[in-house]
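Asks: Here's the letter readout for the chains.
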Amino acid sequence: MEIAFYLSGLVAVLATLGVITNTNPVHALLYLIVSLIAVALVFFALGAPFAGALEVIVYAGAIMVLFVFVVMMLNLGREGVDQERAWLRPQVWLGPAVLSAVLLVTLIATLWSGDGGRMIAGEMLTAKAVGTLLFGPWLVVVELAAMLLLAALVTASHVGRLPGPTSPKGRRDAGARKEVS
Amino acid sequence: MNWPSEQLVASLTAMLQGVVILVGVVLLGAVLTVVERRLLGLWQDRYGPNRVGPFGSLQLVADLIKILFKEDWIPPFADRPLFVLAPVIAMASLLLSFIIIPITPGWGVSDWHIGLLFFLAMAGINVYSVLLGGWSSGNKYALLGAMRASAQTLSYEVFMGLSLMGVVAMAGTFNMREIVDAQQGLWFVVPQFFGFVTFLVAGIAVTHRAPFDQPEAEQELADGYHVEYSSMKFGMFFIGEYVGMVLISTLIVTLFFGGWHGPWLPPIVWFALKTGAFLVLFMLLRAAMPRPRYDQVMSFGWKFCLPLTLINLLVTGAVILIADPL
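For the protein sequence lines, the chains are A and B, in the order given. Counting from 1, one number per residue, gives the positions in the first sequence under our numbering. Counting from 182, one number per residue, gives the positions in the second sequence under our numbering.
Mixed in with the good hints there might be a few duds.
A few chain A residues facing chain B, derived, Cβ under 7 angstroms [said to hold, decoys possible]:
1) I57
2) V65
3) V68
4) F69
5) T126
6) A127
Source of the hints: derived by calculation from the structure; they are not laboratory data. Where is the CB? At the ideal position from N, CA and C, for every residue including glycine.
Please take these sequences and the hints and turn them into a complete structure.
Replies: In structure tokens:
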């Protein structure tokens with residue numbers, strides 16, 4: 001399982017680099033999808049197949065579809081690629097890259113010197129175990145997240161609703177349409 | 182130490198089973214293309230393809246030769262890598278889903294305890310085939326088809342997962358074999374009737390079959406997302422649709438109709454009979470149903486099916502808790 005963990009971790013890192021360096025927005029999003037699937041495989045390798053499956057279903061299968069959908073609609077074409085290329089000049093990314101590299105070295109050094117923690121043992125966490133954990137000790141957090149999502153749902157449905165026939169905006173739209181026709 | 186050892190024999194048998202299932206599914210998908218046209222002809226009072234071979238039985242061979250020898254054309258305005266990748270995703274994600282289908286007690290590729298979630302994950306990945314195929318074609322009809330397909334599939338996948346959760350709650354597992362075994366007394370179609378109905382609707386919508394074939398509506402979109410595809414790349418989308426039909430049928434049989442269980446006949450025959458019945462149902466729906474308007478499809482999914490699955494799940498949970506308090 002350790003080999004699978006390191007391989008998929010490597011794929012995740014390389015794919016994420018691909019997201020940043022690719023100049024075509026849709027291709028960059030594809031790299032992001034590969035990266036998310038690689039993270040899902042990391043979960044599988046760590047013995048959490050439930051989390052891995054959810055990662056693919058929710059992130060790669062639903063959220064990223066919406067990202068690709070929106071980028072497709074933008075119709076970026078050649079100009080988008082040129083703009084991305086202009087933003088990717090070394091003087092733009094060199095400074096932040098050096099600073100993050102320093103942070104990365106610090107992180108690796110800390111991990112190296114400290115406690116090794118638990119090793120990848122290959123034990124499996126079943127869906128039932130995740131469920132009892134979520135609705136046992138973490139019940140309040142789950143319910144709070146549910147309320148947050150409900151609020152988001154109500155807001156989205158309010159923002160996206162069609163203007164009713166009585167609202168002033170709707171009437172103006174109808175009038176404008178009549179003038180055109 | 183005796184050679185070949187038991188372990189080697191077991192793993193070779195498992196591999197052979199996997200290959201047989203894979204090839205069998207693809208062949209079944211190809212055969213279904215002809216079967217569907219014959220059946221549509223029968224139901225619509227016309228002949229259908231009946232010229233090649235006795236009763237048109239060799240039509241498949243003719244189609245295969247034709248599709249293999251067509252020019253494999255990639256439009257110059259297309260996004261090449263994505264254009265090639267899209268049909269691969271279409272075929273591969275559907276074929277991979279068959280890993281979790283238990284055919285008989287002895288037949289099946291793998292037996293995971295997250296089985297059902299794996300299917301939902303692959304169904305999520307499958308959306309990209311249409312999305313990328315439509316976008317990379319650089320054609321406005323293809324883009325419109327891809328738009329419709331992705332919005333429709335996303336909407337229907339939401340309650341497809343929810344419609345199956347009633348079954349999961351009753352069986353107490355995501356494992357497909359255990360779900361089949363939990364149905365020995367009573368098929369889940371009886372207590373989970375609404376789950377079955379909504380899953381059937383979602384399954385038809387996710388495979389873009391009529392009456393949910395707005396993404397490829399010939400009359401409006403000139404075939405939608407695969408309008409620029411030719412030769413075997415088109416073939417992969419085409420066969421992929423039928424492989425999707427087989428997948429949804431086998432899933433319905435496994436989850437709601439007791440899988441291989443049945444009296445008198447051997448398990449494989451029961452499984453084949455039940456799957457065949459649902460394949461014919463898919464075709465009959467196409468022959469019988471008109472295509473609704475696109476916004477009607479979307480509001481039907483969100484305003485009718487989603488609340489129905491939620492109520493179904495709520496009632497199922499309540500009944501389970503009342504019957505068997507913790």
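Asks: Now tell me if each hint is right for this structure.
Replies: Each hint, compared with the structure:
| no. | hint | verdict |
| --- | --- | --- |
| 1 | I57 | 5 angstroms, holds |
| 2 | V65 | 5 angstroms, holds |
| 3 | V68 | 6 angstroms, holds |
| 4 | F69 | 6 angstroms, holds |
| 5 | T126 | 6 angstroms, holds |
| 6 | A127 | 6 angstroms, holds |
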